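Please build the complete structure, drawing on both the sequences and the hints.
There are 2 protein chains.
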Amino acid sequence: MRDGKTGGQIVERADDLFYRQGFEATSFADIAAAVGISRGNFYYHFKTKDEILDAVIEARIAASREMIAGWEAESDDPEQRIRGYIRILTDNQNDIMAYGCPVGTLTSELAKLNHQAQGAAGRIFTLFRDWLRGEFERLGCGGESDRNAMHVLAWSQGVATMANAYRDADFVDREIAEISAWLHDRAAEARA
Amino acid sequence: MRDGKTGGQIVERADDLFYRQGFEATSFADIAAAVGISRGNFYYHFKTKDEILDAVIEARIAASREMIAGWEAESDDPEQRIRGYIRILTDNQNDIMAYGCPVGTLTSELAKLNHQAQGAAGRIFTLFRDWLRGEFERLGCGGESDRNAMHVLAWSQGVATMANAYRDADFVDREIAEISAWLHDRAAEARA
DNA sequence: GTCTATACTCCGATAGAC
DNA sequence: GTCTATCGGAGTATAGAC
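Residue numbers (the UniProt record's numbering), protein chains in the order written: chain A, 1 to 192; chain B, 1 to 192.
Keep in mind that the hints were calculated from the coordinates and are not lab data.
Fair warning: there could be bad hints in the mix.
Note: identical chains are not told apart, hence a pair may lie in one copy or across any two.
Calculated pairs, SDA-like style, for lysine to any residue (alpha carbon to alpha carbon, straight line, at most 25 Å) [as the list claims (entries may be wrong)]:
hint : residue 1 : residue 2
1    : K5        : S64
2    : K5        : F125
3    : K5        : E66
4    : K47       : D91
5    : K47       : R167
6    : K49       : Q21
7    : K49       : N114
8    : K49       : I37
9    : K49       : G36
Note that this is a predicted model, so its numbers are computed, not measured.
As structure tokens, then:
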């Protein structure tokens, strides 16, 4: 029942609250208040909290696919496309400084809760990982492509964590410039 | 009252549980059961959950200071000393794959909870940051020293997050080798 | 589809006996 | 210093009126 107007709003508000407050710290009352419905009405749309989480993860996967499609539409050059991923750090700098990376923090929390949705959340990472690997392959990185994809993911996660810890925009800017330079080196190396 | 035998045990077990389950997901009942005391007895030692968190953070700061002292005792060479920090990833690989970095995940969680202890938790990062900066200065990195310190912190945090997401020991090994090589380059650059 | 009312569990925290 | 008993509140979830 996640496709009605109210169902969609629940997922949308839950997504936001899970990001800003964390999954466990967000109660049904929080989501119901954000949507503007009663707690009882809630269970018409989702039977359990885990069902909402599954829907939120699905929504995040769909949103990620759209981002990727956007980078693919922007340019055919793999270096430019990968730069699209790095641009996430720039475009969401304020949110990242306040709440960290939505994917990394959710994955961390679910790991500690030993939650069943760990696998689903991991698929968001894998979506980006596989796409990045493909672009690095197109760039000519060959057997280093997956390694480079993981390196970019790890680097951006590290930047997000430290940006969140110190709320330091200059640090983020410097690291983005370094990732960008590293990527340029990979492209130059592949051309050689 | 954190200095008696039971008080110390509470902090020790709470530290472990906060790491493995998260701060919010860990209840007084969990800690009491782990220590082997009743919930009521608990409040003789700590009046609130936040007091336990403060004590846990203090304990982690003390433990971090001891680690740093160990690296300083091992070698006088700043490059070798910094390698001590990187070795955390090797020595705690299994725990990191299962639960992430204790500092990074706590900082993330407290940020989302908008918890008063955010500042205290941030001091653990600052302890390592300041020490690393000092060692990079001794290495001859000059004005780049703090930047390099933050880079090492971010890199290790990124590795921890992705190691936790994929439970991939090979990835950790490869990234450690890359951090090590990067550090070696910084040392060579400073000598030139 | 949306509401109120409510059941039941667990939480952090307190009081007071021993 | 440790225990049992218990409070007040919040959490997830359900039943049933409208």
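Results of checking the hints against the structure:
no. : hint       : in the structure
1   : K5 x S64   : within (22 Å within a copy, 51 Å between copies)
2   : K5 x F125  : neither (29 Å within a copy, 44 Å between copies)
3   : K5 x E66   : within (21 Å within a copy, 56 Å between copies)
4   : K47 x D91  : neither (35 Å within a copy, 43 Å between copies)
5   : K47 x R167 : neither (38 Å within a copy, 31 Å between copies)
6   : K49 x Q21  : both (15 Å within a copy, 19 Å between copies)
7   : K49 x N114 : both (15 Å within a copy, 22 Å between copies)
8   : K49 x I37  : within (16 Å within a copy, 32 Å between copies)
9   : K49 x G36  : within (18 Å within a copy, 32 Å between copies)
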